[in-house]
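Please work from the sequences and hints to get the whole structure.
So the sequence shown is residues 1 to 358, counted in the numbering used here.
No lab work stands behind these hints: they were computed from the structure.
Please note that a few of the clues may not be correct.
[What the hints assert, rightly or not] Distance windows between CB atoms, simulated:
| no. | residue 1 | residue 2 | range |
| --- | --- | --- | --- |
| 1 | Ser337 | Arg283 | 25 to 31 Å |
| 2 | Gly157 | Cys226 | 45 to 51 Å |
| 3 | Gln91 | Ser303 | 33 to 39 Å |
| 4 | Met37 | Gln9 | 37 to 43 Å |
| 5 | Cys226 | Ala349 | 38 to 44 Å |
[What the hints assert, rightly or not] Pairs of lysine-lysine residues, derived as BS3-like cross-links and limited to a Cα-Cα distance of at most 27 Å, are as follows:
| no. | residue 1 | residue 2 |
| --- | --- | --- |
| 6 | Lys44 | Lys31 |
| 7 | Lys31 | Lys266 |
| 8 | Lys44 | Lys160 |
Heads up, the beta-carbon is just placed ideally off N, CA and C, and yes, glycines get one too.
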Amino acid sequence: MDYSDLIAQRRRRLGEIDDMIAEPSFFGDPKRASEVMREHRRIKQTLDLSDRLDRTRRELAENEELAKSDDLELAAIAREEIPALQASIPQLAEDLQYALLPADPNEDRDAIIEIRAGAGGDEASLFAAELLRLYQRYADLRGWKTEHLSSSPSDVGGFKEVFLRVTGDEVFRTLKYESGVHRVQRVPATETQGRVHTSTVTVAVMPEAEEVDVELKPDDLRIEVCRAGGAGGQHVNRTESAVQVFHLPTGLYVRCEDGRSQGQNKERALQILRTRLYEMKVREEQEKHSAHRRAQIGSGDRSEKIRTYNFPQSRITDHRIGHTSHNLAGIMAGDLSEFTAELQKAEMAERLSAAGIR
Numbered sequence: 001m002d003y004s005d006l007i008a009q010r011r012r013r014l015g016e017i018d019d020m021i022a023e024p025s026f027f028g029d030p031k032r033a034s035e036v037m038r039e040h041r042r043i044k045q046t047l048d049l050s051d052r053l054d055r056t057r058r059e060l061a062e063n064e065e066l067a068k069s070d071d072l073e074l075a076a077i078a079r080e081e082i083p084a085l086q087a088s089i090p091q092l093a094e095d096l097q098y099a100l101l102p103a104d105p106n107e108d109r110d111a112i113i114e115i116r117a118g119a120g121g122d123e124a125s126l127f128a129a130e131l132l133r134l135y136q137r138y139a140d141l142r143g144w145k146t147e148h149l150s151s152s153p154s155d156v157g158g159f160k161e162v163f164l165r166v167t168g169d170e171v172f173r174t175l176k177y178e179s180g181v182h183r184v185q186r187v188p189a190t191e192t193q194g195r196v197h198t199s200t201v202t203v204a205v206m207p208e209a210e211e212v213d214v215e216l217k218p219d220d221l222r223i224e225v226c227r228a229g230g231a232g233g234q235h236v237n238r239t240e241s242a243v244q245v246f247h248l249p250t251g252l253y254v255r256c257e258d259g260r261s262q263g264q265n266k267e268r269a270l271q272i273l274r275t276r277l278y279e280m281k282v283r284e285e286q287e288k289h290s291a292h293r294r295a296q297i298g299s300g301d302r303s304e305k306i307r308t309y310n311f312p313q314s315r316i317t318d319h320r321i322g323h324t325s326h327n328l329a330g331i332m333a334g335d336l337s338e339f340t341a342e343l344q345k346a347e348m349a350e351r352l353s354a355a356g357i358r
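Set out below in structure tokens:
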């Protein structure tokens, strides 16, 4: 398909944005400036991708012509380069298709992952801890950074709930597919008769909010400090370092006690609260403009059962796309790339069809 008109539109828009950025008053509105700069980055990446595709196609055509040369040495070199060029073009074209889709403004944001133990008691809390380690290892493989924000440990060494901040390139775009109910089937360590139990953990991946996205009015907040409990040594037992923040208009509540200071816990609690409020706002807008949003891959519906981890059969199945992998050990060690690639491919096909690009 010829995307020249779409590319030309992006080039015109980039010129308009460059003019906007050059205006002395541009940064007077921080929220608007932040949105425009994100759009600038997205368009620039799309145009760079288009240029790479055009350049690769030209190089392929040139090498195919040189391969016919009477200069045998030159022809041999050209033929050697042709397979790599041919192999790279379909992926570049696919990436460009995806980049030309109507942009989700949250895709290039960092993310906060909320993991909560569901049905299954202690076993669910243990699996919540395993999912936390999975995402931390996956982040390491991607070159991202993680920060443990807050947690509520269980008595058996797992987590009732835990919040993890992930920062890096295209974090939310990649991790958004993890939102939903994760079901685990295995024999718990405490099971004496070898019976397989089924437990669930709920994961919510939220685009991290910036201060310009959500205004936290002091009158809307009730902030309390108290003594932290659980692990942490003598420090948490001697000082009132835990912070609880209540958002009165919505009833949302966040407690942070893992930091070593009251100030650090307050900052983390406000960041989690801000991100939760932003997620609520984004979800409300999505529901207004997309009645079929819940059926879409990557919609982030917390109540949807998205994946089953069957340990006795070393099998993981993603129910949204019907993809099954028997590399359970590798995936639990952090190699999520197989599922991420398949989910991105399915979502792209869905969005291309809806946009009429394919």
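Verification of the supplied hints:
1. Ser337 with Arg283: 25 to 31 Å: holds, 27 Å
2. Gly157 with Cys226: 45 to 51 Å: The hint (45 to 51 Å, Cβ to Cβ) is violated, given that Gly157 and Cys226 are roughly 24 Å apart.
3. Gln91 with Ser303: 33 to 39 Å: Given range 33 to 39 Å: holds, Cβ gap about 35 Å.
4. Met37 with Gln9: 37 to 43 Å: violated, 19 Å
5. Cys226 with Ala349: 38 to 44 Å: violated, 50 Å
6. Lys44 with Lys31: holds, 20 Å
7. Lys31 with Lys266: holds, 23 Å
8. Lys44 with Lys160: violated, 42 Å
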